[in-house]
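*Asks:* What follows is each chain in one-letter form.
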Amino acid sequence: MNTLHNTASIRLFVFCFPVVILLSCFTDALKAEEKNSPVSFVNDVVPVLTKAGCNMGVCHAKAGGGQNGFQLSLLGFETLDDYDSLVKEAQGRRLFPSVPEKSLLLTKASNETPHGGGIRLPRDSEGYQVIQRWIAEGAHYSTGNEPTLESVEVEPERGVVNMGETRQLKAIAKYSDGSVRDVTEVALYESNIKSMAEATEEGVVKVHDIPGKVAVMVRYQGKIAVFTASIPLGAPIQEVPTEKNMVDRHVFANLKELGIPPSPVCDDQTFLRRVTLDICGRFPTREETESFLASTDPKKRDEVVERLLRSPNYADYFASKWTPLLKNRRDAANDITSNFAFHAWIRDSLLANVPYDQLVRELLGATGTVVTNPPVAWYKRVKDPKDQLEDIAQLFLGVRMQCAQCHHHPFERWSQDDYYSLAAFFSQIGRKPTGTQGEDLIFHQRGVAQAKNVKSGEMLKPMALGDDIGEISPDEDPRLRLGNWMSSQDNPFFAKALVNRYWKHFFKRALIEPEDDIRDTNPPSNPELMAALEEHFINSGFDLKQLIKLITQSHTYQLSSMPNEYNLQDRQNYSRFYPRRLQAEVLLDSVDQLAGSTTAFANLPPGTRAIALPDNSYTNASAFLKVFGRPNSASVCECERVQSSSLAQSLHLINSSEMKSKLAAANGRAAQLAKEADKPVEQKVNELYLIAFARKPQPEELQTAVQFLTTPVADEKTKPDAKKTPTSKDYQDLIWALMNTKEFLFNH
Amino acid sequence: MKYVRLQFSLVTGVCLAVLCLVSATAQAQLVCLPAPRLLTTMPMGGQAGTTFEVTISGEDIEDADELSFSHPGITAVPSVDKDGLPVPNKYTITIAQDFPLGIHEARVMTRLGVSSCRAFNVGRLPETSQTAANTTLETAKKLELNSICNAVMSRQKIDHYTFEAGKDQRVIVDCAAKGIDSKLDPVVIIADERGMDLVVERRGGMLDFKVPESGKYVIKVHGLTYDGGPFHFYRLAVKNVARDEIVPRMPSIKEVSAFSWPPAGLTDETLKPETEPNNARAEAQKITLPCDISGSFFPAADVDTFEFTAKKGEVWWVEVASERLGRPTDPSIVVQHVSGTGSELKITDLVELSDIPSPVKVSSNGYSYNGPPYNAGSSDIIGKVEIKQDGVHHLQIRDLFGGTRNDAKNIYRLVIRKAAPDFALVGWALHMNLRNGDRNALSKPIALRGGATMPLEVVVVRRDGFDGEIELFMENLPEGVTATGLKIGKGKSRGTMLISAAAGAPRGLTSAKFFGRATINDQVVTRPCALASMQWPVKNAWSEVPSPRLMADVPVSVCTSEQAPITIAPAEEKVWEVTAGEKLTIPLKHDRRSEFSGANITLNTYGEGFDRNKAFDAPLKADASEAVLDLATLKTPPGEYKIAFGGYAVVKYRDNPNAVALAETELKQAQQAATTLAAEAEKLQKQGDAAAKEAVAKAKTAQAAVTKADKQLQRATAKAKPKDIVDIIFSRPISIRVNPAKKAK
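Protein chains in written order, with my numbering: chain Z, 1 to 748; chain V, 1 to 745.
Each hint should be verified, as a subset may be incorrect.
What the hints assert, rightly or not - Simulated coverage check for chain V against chain Z, where a stretch passes if three residues somewhere in it have a Cβ under 8 angstroms from a Cβ of chain Z:
hint: 1; region: 190 to 200
hint: 2; region: 219 to 233
hint: 3; region: 324 to 332
hint: 4; region: 399 to 409
hint: 5; region: 541 to 550
Unchecked claim - Each computed PhoX-like pair below joins lysine-lysine, with the alpha-carbon atoms no more than 25 angstroms apart:
hint: 6; chain 1: Z; residue 1: K432; chain 2: V; residue 2: K254
hint: 7; chain 1: Z; residue 1: K545; chain 2: V; residue 2: K210
hint: 8; chain 1: V; residue 1: K167; chain 2: V; residue 2: K210
hint: 9; chain 1: Z; residue 1: K432; chain 2: V; residue 2: K183
hint: 10; chain 1: V; residue 1: K698; chain 2: V; residue 2: K686
hint: 11; chain 1: Z; residue 1: K461; chain 2: V; residue 2: K346
hint: 12; chain 1: V; residue 1: K361; chain 2: Z; residue 2: K432
hint: 13; chain 1: V; residue 1: K409; chain 2: Z; residue 2: K432
hint: 14; chain 1: V; residue 1: K384; chain 2: Z; residue 2: K432
hint: 15; chain 1: V; residue 1: K178; chain 2: Z; residue 2: K432
hint: 16; chain 1: V; residue 1: K409; chain 2: V; residue 2: K183
Unchecked claim - Cβ-to-Cβ under 8 angstroms is the rule here; a few derived chain Z residues that face chain V:
hint: 17; residue: S311
hint: 18; residue: P312
hint: 19; residue: I336
hint: 20; residue: A341
hint: 21; residue: R361
hint: 22; residue: E362
hint: 23; residue: G365
hint: 24; residue: T436
hint: 25; residue: D475
hint: 26; residue: D477
hint: 27; residue: L480
hint: 28; residue: N603
hint: 29; residue: L604
Because the hints were derived from the structure by calculation, they are not lab data.
C-beta: ideal position from N, C-alpha, C; glycine also.
With the rest of the complex left out, here is chain Z (with noise of 0.2 angstroms):
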């Protein structure tokens, strides 16, 4: 069988598709009438194994293996493939026509026969019995006139429920002849925030003590539909800070409906610190931070967001974002040449503000040679075509394909024939070596272009997700009409999840998490909100800097992340600014700039910062990076990139001896600050915490770090208020103990 899954495969599979093992016996699923009705494989049969859990990964799913050699489609999508393996398989020995109940299946299926997977169907179960039935009745595929499934709906679609109430759902299955049926106990319920609400085999709804949205996606034989609740928190709300622009209206309305009051909006200092993080991966320089404090300019906030997006830090940065996600690998001494095109090839197009689509269409359609087009790059890394479509799916459409290339999709619509149509796209890839080993040149081959369905074996034109795109001649390029596609103004995908993608930059969460994982059964945390970006993005030609000054220039980016007694539970709704961990390059180059050190890298001028490293070879070559999670440009996604906290980060910052030798550098800060011997000690700390903080010392703050800094070591000789001069070691100590607190670790 040729969709057999390798090891990597069944990992994802096992990741994205929680085992749920469900002992689900069958009473009255089916009503009273029909059981007089001859039993249909497909709409009686096939769903009892589903609700059974037999044909998921870890059992006898194709996609996981198939315990012991029996082996059904995922979640029974490929009936008359779970027919066969049934009936016709292993010389017929899982069914006896003659004795139903003797069937192995049925026998293994009730543990009467030792069954790995315990009793699924127990003798007097519904299930079973529709078994035995439709073994008696001679174990047909078809009863010649069963109608087919055509939906399957929720009820209700949405509402409100409140914390730690339930809600019974009701799944509705539709039929070709007109025909419903309740299939509320044998459909299957799955929450996509379980730590908001969780979902029982029998469709009810419980929901936690998050507010918020949360969806349930009831699934019925390939077939979906969403219950979504809304959970509010019911608080009241006093007031809620001005509306600057339509990400405020949306957020605000949401959290009014909620009943969850946000947080005021934050002072400048901390707005200024964390939109320069935000934006150019940095904090601000002290004149930068003095003079935006000393403005009296009420639009000095729009205005440093415009500044900012102009500056070519801004471009270091979002390339430091996107170049790991395009896999811009080391592998070989000879691919720096490549890897550094490649990565100034994003950073020099974000830098002129290159629409987006136009990015993406450049990417998709590179041709030539690296270094006279350095998208082609991309085609250097990725050179399986199954790769290169699942790869643009999942970051710029923020689909997942990769279940769909042996089955068909379990949370989605899409099929191996989605699958393999979307591969169609790139198989007119045409390849030549270059004088560089592993590298080659890329151009159109021309002819048709079409890719093998592995399991059906028919060959398929281009389709993308599903849509028609029409007859391309063997002189097009596929790669370009895609690229049109993508950038259609009513494309479902493509706007959403890059403004899905940014927003979570700016505010950790995603209105979809993950990020790329946007499908029907995982709607957006606030869809209106989703909508309007997607809209705004779309009209504004896919420009990248107008939608991240609507982002950062609404007051909803600029609340302050101290909690209100409220709130603090709230995760996604954007009621507060949620603290984030600086990034690995963004934490170095602080740590430098604090210090006044410099970090030197291999093939770069001094001087070059850490956000502006063009490939994973770096990573590989510093201790620091790949402690604070810089990823390995081997995925797409952005998880690679880790930001939890480790015990490792803290020690290395506190006792490390990449640390002390920064602290300690010839010309470092404590080295300057303790030869500026007319400087008062005072002005000294102020500056040091402007850098570090963006803000003064509070007056305690100040107090304590001059008495730290002027007061002798005390032994039996000194003097209750002896001062000394601070020494380099003395300030190498106090910058030590600001990198170390939290205030400059996080983005707040």
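With chain Z held as given, fit chain V onto it using these hints.
*Replies:* This is chain V only, laid out in the frame that chain Z set:
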């Protein structure tokens, strides 16, 4: 079982043998006897009508005594110091006022002959040079608009320049690097006064900058991978140009593929531009054949459709130039027969045309070279269209690299003609094909040692069905130098040119002429043969991609300071006669002037009709050998032939042993002088003479000269120590006449 064991032991044995071989050759093999190579000039060009000083550097050019150029309009004389003595590696150059602008080539004449060449650019703009480090904003070098700066990039550094311009001025910043033989992949950035980047160019293009506000701007230049060093030189031009002016790029050397363009006799008389819109079939541009069209692959994903009528049986030849015009394109053509209209429209593919294949297999980047590292092919097109049915035809041309690139400079020229059989030739120094993993790609000047024969590999791109044989010949060679072409046979792609210097030939240098000659349609046609060379002596093509390019001319030199390690020649200078189907034994004499590692040289036979002759060994320690040619096996038909034998030998090379004797003499002289001066100083000191102080100083200087001479002797001795160097050894050409076999009665 026995068989299995035997197999196993065989495999083990082979593995061990390979392992031993790999170990034995793990150390880099020295390849090719020393050849002079001019690697840098500073500056890399100059303004016509000016005189300025140039500093050179290179390999084995220490004793260079003459700098010359591919065009006689540039003259150079050695620079002299205040004492009138020549300053090493410095020349004063004068460029005539009416000198042709563009790329010319510089080379030096040395003890070993002429060096490899370096591009030298002549322009109209004033020039400056980087005189101090300008790697920070604070040390930025100020440039005047409409000037050129010659500079060298340092590793991991960014060069900074400033210029001042007024609002709305159009400023062009162009950086020549790869196009003037540099190793630099330049990145050019225009930034504001504070150094904040505004626009960037990393693909070798030029920046076309509309000045937003009057003031000072910064230009930053660095390598794509921040690489640098003396070989990473560049010329930076900053120009203020009119709004609608078409600004040409700075001149550039030509890629090897350019040798086959243009076809002989091509003029612009019938040239017509393509007319947009012509992407869709309905908008096809109507043409009549033959035709000559200029167009561009612009905008992105541009398709140019041309419509013509033709009759069944007609044959047309289509040639496209774009890559050969220096553009990074890959033109592709499809010709289709069109019938019907609307829903009845029927399109039938007639032919697809793309790429001019290399006439010979080009080296892949595998373990060992499996072909020359020169590609004479192109992504352009030469192809045939045979009309299969009467009627309307569409020819669509597109750039397979052009899907997303918007560059109006990606031009093409499309010629559709009746068959005009012809050929284009290019040659290069024959490359060694070593199987020990060595992947050198050295630039090889035609710098002959007395008694040497240097082979050039020559390949042909044939046009429009021409498949006749091509004779090769050269003219204007130095005295004592002869050239013999081993012709390119009928329908073949490869020939060899042998350039031989007589033993003891006088020192000389000429700019030779190199041609191919064939009979086409009963007319004798002569075409020039271009010469290609590597830009750099690449020691290992795995770590540095070789960059071959065309040369401006064919400099040939012969030197007297060294003779070839061995001359293999036929025992007699005559035409060797043999009857078809019989054996010919040719006695060879070995004129040996060096020792060799290894007992034999394995010789292959070169030359049409004999190149399938089995390789044979000739002893390297004997004065004679013989070659046997079995015409029964070779089945060489009667006729006149020229052949040669060639192979590789490891020479125990002594580098300039004469320098040892010279250094010894100089040392003795210095010692004598030092002894004399020391004695005199001692004498004066004893006498308390006032001149004693001066005498002591002189004695000290003399002693320093002794130390210097001693070091020079040590260096010369070390260099003269024998080293194993593998090189190509070719015999003198041999003339053979194959007579028809007598008919059996």
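*Asks:* Give a verdict on every hint.
*Replies:* Structure-based check of each hint:
With 4 residues having a beta carbon nearer than 8 angstroms to a beta carbon of chain Z, the region 190 to 200 of chain V meets the requirement of three or more and the stated coverage holds. Here's how the region 219 to 233 of chain V fares: 5 of its residues keep a CB closer than 8 angstroms to some CB of chain Z, so the rule of at least three is met and the hint holds. Here's how the region 324 to 332 of chain V fares: 3 of its residues keep a CB closer than 8 angstroms to some CB of chain Z, so the rule of at least three is met and the hint holds. Coverage of the region 399 to 409 of chain V by chain Z holds in this model, with 6 residues showing a Cβ closer than 8 angstroms to a Cβ of that chain against a need of three.
Counting residues of the region 541 to 550 of chain V whose CB lies closer than 8 angstroms to any CB of chain Z gives 5, so the stated coverage by that chain holds, three being the minimum. Of the supplied pair hints, the one linking Z:K432 and V:K254 holds, its CA atoms being roughly 22 angstroms apart against a limit of 25 angstroms. Using a Cα cut-off of 25 angstroms, the hinted pair Z:K545 and V:K210 holds, with the two alpha carbons roughly 22 angstroms apart. This hinted pair checks out: V:K167 and V:K210 have alpha carbons roughly 8 angstroms apart, not beyond 25 angstroms.
Taken as a hint, the Z:K432 and V:K183 pair is honoured in the structure, with Cα atoms around 24 angstroms apart against an allowance of 25 angstroms. Note on V:K698 and V:K686: the hinted pairing holds, with a Cα-Cα distance of about 16 angstroms set against a maximum of 25 angstroms. For a cut-off of 25 angstroms, the pair hint linking Z:K461 to V:K346 stands: about 21 angstroms separates their Cα positions. The straight-line distance between the Cα atoms of V:K361 and Z:K432 is roughly 14 angstroms, inside the 25 angstroms bound, and the hint therefore holds.
The suggested pairing of V:K409 with Z:K432 holds, with an alpha-carbon distance near 24 angstroms, which does not exceed 25 angstroms. Proximity of V:K384 to Z:K432 is assessed by CA-CA distance (about 24 angstroms); at most 25 angstroms being required, the pair is judged to hold. Of the supplied pair hints, the one linking V:K178 and Z:K432 holds, its CA atoms being roughly 22 angstroms apart against a limit of 25 angstroms. Straight-line distance between C-alpha atoms of V:K409 and V:K183 comes to about 24 angstroms, which keeps the hinted pair within the 25 angstroms bound.
Below 8 angstroms, beta-carbon pairs count as interface contacts, and Z:S311 has one with chain V at about 6 angstroms; its hint therefore holds. Because the beta carbon of Z:P312 sits about 4 angstroms from the nearest beta carbon in chain V, less than 8 angstroms, this interface hint is met. With a cut of 8 angstroms, the hint placing Z:I336 at the interface with chain V holds, because the nearest CB-to-CB distance is about 5 angstroms. For Z:A341, the interface hint holds, the least distance from its beta-carbon to any beta-carbon of chain V being 6 angstroms, beneath 8 angstroms.
This hint holds: Z:R361 has a C-beta 6 angstroms from the nearest C-beta of chain V, less than the 8 angstroms allowed. The beta carbon of Z:E362 comes within 5 angstroms of a beta carbon in chain V, closer than 8 angstroms, and the hint placing it at the interface holds. A least Cβ separation of about 4 angstroms between Z:G365 and chain V falls short of the 8 angstroms threshold, and the interface hint therefore holds. At its closest, the beta carbon of Z:T436 sits 6 angstroms from a beta carbon of chain V; the interface hint therefore holds under the 8 angstroms criterion.
For Z:D475, the interface hint holds, the least distance from its beta-carbon to any beta-carbon of chain V being 6 angstroms, beneath 8 angstroms. Here the hint on Z:D477 is kept, as its CB sits about 5 angstroms from the closest CB of chain V, short of 8 angstroms. Of the supplied interface hints, the one on Z:L480 holds, with its beta-carbon coming within about 5 angstroms of a beta-carbon of chain V, less than 8 angstroms. For the restraint placing Z:N603 at the interface with chain V, the shortest Cβ-Cβ distance is roughly 6 angstroms, inside the 8 angstroms limit, so the hint holds.
Contact between Z:L604 and chain V, as hinted, is supported at the beta carbon level, the nearest pair being about 6 angstroms apart and thus within 8 angstroms.
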